[in-house]
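Once you've looked at the hints, dock chain V against the given chain L.
Spelled out from the first residue to the last, the chains are:
There are 2 protein chains.
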Amino acid sequence: MEKKVISKAVINRLPRYYRYLGDLLEKDVVRISSKELSERMKVTASQIRQDLNNFGGFGQQGYGYNVEYLHSEIGKILGLDKKYNVIIIGAGNLGQALANYADFERRGFFVKAIFDVNPRLVGMSIRGIEIRLMDELEEFLKTNEVDIAALTLPKTQAAQVASDLAKWGIKGIWNFAPTDFNLPKDVTVENVHLAESLMKLSYRLSVKEKEQQEKEQQEKEQQ
Amino acid sequence: MEKKVISKAVINRLPRYYRYLGDLLEKDVVRISSKELSERMKVTASQIRQDLNNFGGFGQQGYGYNVEYLHSEIGKILGLDKKYNVIIIGAGNLGQALANYADFERRGFFVKAIFDVNPRLVGMSIRGIEIRLMDELEEFLKTNEVDIAALTLPKTQAAQVASDLAKWGIKGIWNFAPTDFNLPKDVTVENVHLAESLMKLSYRLSVKEKEQQEKEQQEKEQQ
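Going down the list, the sequences are from chains L and V. With the working numbering applied, the first sequence corresponds to residues 1 to 223, in that order. With the working numbering applied, the second sequence corresponds to residues 1 to 223, in that order.
By construction, these hints were calculated from the structure, which means they are not laboratory data. Just so it is clear, CB atoms sit at the ideal spot from N, CA and C, and this is done for glycine as well. Nothing false has been slipped in among the hints.
Some chain V residues judged to face chain L by a derived CB distance under 7 angstroms, without partners named: (1) L78; (2) G79; (3) N93; (4) W174; (5) V192; (6) E196; (7) S197; (8) M199; (9) K200; (10) L201; (11) Y203; (12) L205.
Facing chain L, from chain V, some residues (calculated, C-beta under 10 angstroms): (13) M41; (14) D81; (15) K82; (16) F109; (17) D180; (18) V189; (19) H193.
Covered stretches of chain V, as calculated for chain L (at least 3 residues, CB under 8 angstroms): (20) 8-15; (21) 96-103.
Next up, chain L with everything else stripped away, as it sits in the complex (with noise of 0.2 angstroms):
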């Protein structure tokens, strides 16, 4: 396959190819055309056809996606073939939640560890995973090969114990604080601001209440 920059738009798409080829074929689904996937997923047959081609395609002319192959594909394209081992940092309720989520593991993630800084909680287990106090993060990074921290800390704490992480040899953090941080290019960084996704929610509700408003305006002036 010939290297080439793939775009953050195809990109972000993937992730929902896989998610709809993964139901596919857990209905036992062995083929399926473009056009049919492209109305299951509601973006153009031309738009999924021009993304695949971004990797060599995939497809069979006529034929239509083999969708067991496809999946495993795409899996491969997002890293999925491979084992991560993740630790969890902040053991409140949104770090519980991730510990408690079995589906990463069937992906590749395996959570090792949670971190937090109550000492109340120490000793605790989410599914078996123990939690551990803060102060122990360093030397549990020295012996334990750790390639994801996500962060469901406070923002206050949350940049202090990203650039320790990143010191510490961390090479991926999933981050929920609701800051940025500043740390070296080695560093990836995948945020999810709930905050922002909320705002995105109200700003559509907005706008939409809005166009009612002048559509009964303009209804009430044509009367």
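Chain V in isolation, oriented as in the chain L frame:
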């Protein structure tokens, strides 16, 4: 202000502007130039000016932006000058995390009730918000005005609940289940797909790993 269609990319950036301006406000910063703001946010100053020009500007040439005014105006665009009544469906860890996040209230999102199918949770409360049985949902929506429902349900249940909510008049859904819905156009859905976010991280990690390996290979060959 003239009415025009604002691109999705601009909308996606607005909550981040709002967050940065909120941080500046907390630090009692009164004015900021687009240059300073751009350095903090790691976007170009011209991008900031362009984005804000969509909404009529707000800047005064040479004087920079008034932080409080800009924060409040962007808040209005995002619909944050209104109050939203929110219910959470699914009282697991994630639902509890959302219910516990007091910051949402500060922005106008008030959690009014939490629903779950598990009768053992009924009667418990989180931050004073009662957990109710799912069976009560329809009745609750008849007697309470609810703007947004946050769905933290397994994907097997989420689609049915979402279509019930639409039928009962809910116009905004904040969906955490790893599935897309087929709902009437007047229902706005904002998705938080955690597994997809994690896959984007593994993609980027795996691209960097490949680059690293290729670099090492080249160095070997050159020796």
